[in-house]
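In order, the protein sequences belong to chains L and P.
For the first sequence, numbering that gives the first Met the number 0 gives the first residue as 0, with consecutive numbering after it.
For the second sequence, numbering that gives the first Met the number 0 gives the first residue as 0, with consecutive numbering after it.
Just so you know, the hints here were simulated from the structure itself, not pulled from any lab data.
Among the hints, erroneous ones may be present.
Just the calculated beta-carbon pair ranges, DEER-fashion [unchecked claim]:
{"hint": "1", "chain 1": "L", "residue 1": "Arg138", "chain 2": "P", "residue 2": "Ser209", "range": "31 to 37 Å"}
{"hint": "2", "chain 1": "L", "residue 1": "Asp32", "chain 2": "P", "residue 2": "Phe261", "range": "28 to 34 Å"}
{"hint": "3", "chain 1": "P", "residue 1": "Ala255", "chain 2": "L", "residue 2": "Ser188", "range": "56 to 62 Å"}
{"hint": "4", "chain 1": "L", "residue 1": "Pro55", "chain 2": "P", "residue 2": "Thr348", "range": "54 to 60 Å"}
{"hint": "5", "chain 1": "L", "residue 1": "Ser60", "chain 2": "P", "residue 2": "Ala49", "range": "35 to 41 Å"}
{"hint": "6", "chain 1": "P", "residue 1": "Gln242", "chain 2": "L", "residue 2": "Gly58", "range": "22 to 28 Å"}
{"hint": "7", "chain 1": "P", "residue 1": "Pro91", "chain 2": "L", "residue 2": "Ser49", "range": "33 to 39 Å"}
{"hint": "8", "chain 1": "P", "residue 1": "Ser359", "chain 2": "L", "residue 2": "Ser49", "range": "47 to 53 Å"}
{"hint": "9", "chain 1": "L", "residue 1": "Glu147", "chain 2": "P", "residue 2": "Lys235", "range": "41 to 47 Å"}
{"hint": "10", "chain 1": "L", "residue 1": "Lys182", "chain 2": "P", "residue 2": "Phe261", "range": "32 to 38 Å"}
{"hint": "11", "chain 1": "P", "residue 1": "Asn21", "chain 2": "L", "residue 2": "Glu5", "range": "29 to 35 Å"}
{"hint": "12", "chain 1": "P", "residue 1": "Val72", "chain 2": "L", "residue 2": "Lys182", "range": "37 to 43 Å"}
{"hint": "13", "chain 1": "L", "residue 1": "Arg138", "chain 2": "P", "residue 2": "Asn55", "range": "40 to 46 Å"}
{"hint": "14", "chain 1": "P", "residue 1": "Asp254", "chain 2": "L", "residue 2": "Arg138", "range": "50 to 56 Å"}
Subject to a maximum C-alpha distance of 27 Å in a straight line, what follows is the list of computed DSS-like cross-link-like pairs (lysine-lysine) [claimed, not checked]:
{"hint": "15", "chain 1": "P", "residue 1": "Lys400", "chain 2": "L", "residue 2": "Lys182"}
{"hint": "16", "chain 1": "P", "residue 1": "Lys400", "chain 2": "L", "residue 2": "Lys41"}
{"hint": "17", "chain 1": "P", "residue 1": "Lys354", "chain 2": "P", "residue 2": "Lys321"}
Using N, Cα and C, we set each Cβ at its ideal position, and we do this for glycine too.
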Amino acid sequence: MEDIIEGTAYVLGDDIDTDQIIPAEHLVYSLSDPEEKKNYGKYALSGVPSAGAGLPDGGKSFVADGKFESDHKIIIGGKNFGCGSSREHAPACLKIAGIKAVVAESYARIFYRNSVDGGFFIPFETPASLIGTIRTGDRLVIDVAKGELTHHSGGDSKVWQLKPLGDVSEIIRAGDIFAYARKAGLIPSA
Amino acid sequence: MTLTEKILADHSDQATVSPGDNIWIDVDVLMTHDVCGPGTIGIFKEQFGADFKVWNKEKVVIIPDHYIFTSDVHANRNIDILRAFAKEQSLPYYYDVGTKDYKGVCHIALAQEGHNRPGEVLFGTDSHTCTSGAFGMFATGIGNTDAAFIMGTGKLWVKVPESMRFEFTGEFPPYIMAKDIILQVIGDIGVAGATYRAMEWAGDAIMNFSMEERMTLCNMAIEAGGKNALIPADEKTVEYVKQRTDKPFKIHHADADAKYCFNKVYNASEMEPVVAKPHSPDNKAKVTEVAGTKIDRAYIGSCTGGKFTDFLAAARILKGKKVAVDTFIVPATMEVEKDLYEKRWDGETLMDIFKNAGASIGESSCAACLGGPKDTFGRTHGTEVVISTTNRNFPGRMGSKQSEVYLASPYTAAASAITGKITDPREFIN
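Same shape as in the complex, but just chain P (with noise of 0.2 Å):
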């Protein structure tokens, strides 16, 4: 069996499971956020009673992220149902707005605090759950339907899914992030090419990522379509999560004989920096084809860019530099912006670094990553051009329709940010 089946048998009740079974699983963690929770919580008491207790509240992580810091009053309001929902249901896992409990991102905010545990099984309502696969477990993203339902029940059905490898052999280039493999390899199968299937990496190009970046890889899966993505868990998965959890987990590998309905060996020194063209994201092109494209915007954050690696290759180029656009930098979490304020890069602070630059700072969350209400940090409002290090560039993905986004790495739109159109990291580091 393949990683991907190894975790869904061990959560059924069948020793062995094949692609295409239908399968009933017990589930770990279930997450949700405050755009899907009050639609979750709706059901949840519509088809469990008003008075229902979810099935554990241990397992239930309520990460409000998405639209926090606007004077949108239903958006604030969705806050409230969140706030009155955990405290009526004691649930030990809520990281509320406006509290020094807050966090941030959802998907980077389980892995800090220790949600995010090998051999098991997350679902989350946020397609881009299956960032948590990078740490060697199931995690897909749900609706509000099956959200209400597991918390009622701790199960859940899945078809399981057929798993594809890729494996990078050798060493990525120094100017190579996860980002540019990410999106390499999104263009390869193209925005369906792993629809109903499960992205499995391997290689010692993809084993030396750190976590950060190996979060980055998974978290674009559904980009590709994908139903999750996995990278078995080593060293490094079992050194982070111990120094944020001490609940056990399982470690599983892959069969020998596990079969791959698809299989790709990339040599990981031949890799270029690419973006993602508007308006879909396997609408690839090295950079060097789109270099001098003019940029009005960059936009550095989200879960896919938005981690300290992410702001500490940003910082690498940005260090005494001035930006020629608006650029805008939002830490995913809390973590990641007191990281920020307290780590240096060539003696000076990141935040400083980014500050000297010329740059907005916002505040910690998914902000114009999607666009989101008007008064949202960093949204678009007309015909921007942005460079952004972002997931999605679907038509009116970051707020106006007319608007351009570009997807790139850090290192590519910090490069782009100081010239004002899209340009090689290469010119800045090497």
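So that you can see chain L by itself, here it is in the shape it has in the complex (with noise of 0.2 Å):
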């Protein structure tokens, strides 16, 4: 786990459900084989409707045509987040893409689960709505172990508390839970 996540943010709607993170017609590639699973990183978040792809102003491809990785480091997100389907593609296709951490205002459950087990990035969970107040494209810097945001935009720069990782903070240190399970001699080590 990284203590200090940097890089700009790309910022989404409410609902994001799991169809826009990862269209269903992508699914077929292997999340096992180190080249065809990059076109996951292509094809992530793209079935987010143009309107709120990269808000506030909408029409900001996630990862540009012909890339496998997006510009971005970190999504802020909405209301129940991730919500849909159970594919674990949809945190793999964002962690493929280069996100490092996800900063939302609810999850859905299958998705939040996923993230956390699968170490795939931390999903941090916020207080109140960032939406309309980080620009896609604002450079953000998350301290991890204070639970801190901070949020340049032009000159200034304003620092938010994100809530406590709680119950699932041990996998999150851990790594994921094959790691969590094996340092709590709940399986046996490698």
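Reconstruct the complex from the two isolated chains, following the hints.
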């Protein structure tokens, strides 16, 4: 787990479902093959309708044409982020595209769990919506231990307190559910 | 304790559990399919070793169903991965494509093949695994990593959910289906109204539903964010299960003093046909409010709306009529398809009713419910307006981001297919 996560924001709205995160037609690529799985980066967030892609202006592709990684490292979302399918390809594609953290008001249960148990990135929650405050492309710094998000916009910077990671912090700290279970002696060490 | 708490406690090392507790539970069945199975197998081998055996081969069920009838090479490669794994692990419950063992949509096949049993814990790599809650069991969707963990250990951690109770008293009108009820409830509580929670159904009207209708009700709990759905097992459940498996099972009931975080009582007789408008399952409208909206296509299929009962409802309306728009019929499983050929409504087989009405019949699978590869039967490719008995109408869900999907009951979908616009089924049945 990184102590400091730094990068630009990609801002999305409420109820971003897994069909928008990774449309079902792309769920055919291997997640085990290092070359083939790059396709998940290429198509990450390709199902988001243009008006909502990179708020507030929209019309901003998450991953540029012909690329497999995004220029952005942190996603800002609203309520019920990751609703819909249980496809783990959804958090996986965001990681493959280079995402280190998602900061949303709330998550759908399976997406949240997959993000944590699979160790793809840290799903932070905020007490209030940041969608109207942070713009796509703004520079953000997350201090993981302090649970603080620093937002740089123009010459100004502002610090937001994130919600504590709570029950799942042990799994996040370990890396994923397997590392956690090995550490806790629940399964034998590899 | 609620029914969910009872079942979870029974599978943990604790006598009682409460909402918010993080517990480890023993798993009775792990189900996966062609979309998430290969990823699960990849993680399983990476974490436990290439030669490691699954914790219990009797408890791993693999049902390919998503991308079956396609020329997509990657999709077909994924079936090969499942086949090789089932062989290497000697799995008795692998329902292979292109053989007589092939079934179709996993949630319906689980029920039909006797894998749903009251009191058990079932995890599946599909969000609609909550469908199995219709059998008085705990069932929920998980990702590849959790599934791989179960494959190796037979265990998983869960947070005990709070329970919500939805009671329907009295009797539903004859034109109301379970689909109307779940769309009504999702509309009332919203797409995140049951997040992290169990949705427990109760009341005479619910218990009068057939097992298939109960499955429809539980199927869409995930569309309200629910962790699981539950209908207590009764004689109807026992009869259905005993016809399909000899395995023993245990029937639990909620305690009289069980605590619910939400309780709502509906008068069943007041329910009306409803739809979910584009692009969210909670975008509820009464059919009377959107009647007349022009459609290009009707789609009847999926785990939600492709069971025998769903087709019987559609057939009652389509019998002797012609469809005005492209109408796609996709039986969820081979058993449903067989019934369409063999069972009759008013002297005619359901298959003949659909063919004579001018509908196109697809092969058993998930098909266009989730879009899928470009050559998927019934997939949208443009600006089609669709009325569908499926479960999700997110942007692009059925293929094209420009298409618009209205979710509806089989009655409403069939009535709309005949007129080419959204139509109240009461115009055809009363």
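We went through each hint and held it up to the structure:
| no. | hint | in the structure |
| --- | --- | --- |
| 1 | L:Arg138 x P:Ser209: 31 to 37 Å | violated, 57 Å |
| 2 | L:Asp32 x P:Phe261: 28 to 34 Å | violated, 45 Å |
| 3 | P:Ala255 x L:Ser188: 56 to 62 Å | violated, 47 Å |
| 4 | L:Pro55 x P:Thr348: 54 to 60 Å | holds, 56 Å |
| 5 | L:Ser60 x P:Ala49: 35 to 41 Å | holds, 39 Å |
| 6 | P:Gln242 x L:Gly58: 22 to 28 Å | violated, 56 Å |
| 7 | P:Pro91 x L:Ser49: 33 to 39 Å | violated, 48 Å |
| 8 | P:Ser359 x L:Ser49: 47 to 53 Å | violated, 32 Å |
| 9 | L:Glu147 x P:Lys235: 41 to 47 Å | violated, 55 Å |
| 10 | L:Lys182 x P:Phe261: 32 to 38 Å | holds, 37 Å |
| 11 | P:Asn21 x L:Glu5: 29 to 35 Å | holds, 32 Å |
| 12 | P:Val72 x L:Lys182: 37 to 43 Å | holds, 40 Å |
| 13 | L:Arg138 x P:Asn55: 40 to 46 Å | violated, 51 Å |
| 14 | P:Asp254 x L:Arg138: 50 to 56 Å | holds, 54 Å |
| 15 | P:Lys400 x L:Lys182 | violated, 44 Å |
| 16 | P:Lys400 x L:Lys41 | holds, 18 Å |
| 17 | P:Lys354 x P:Lys321 | holds, 9 Å |
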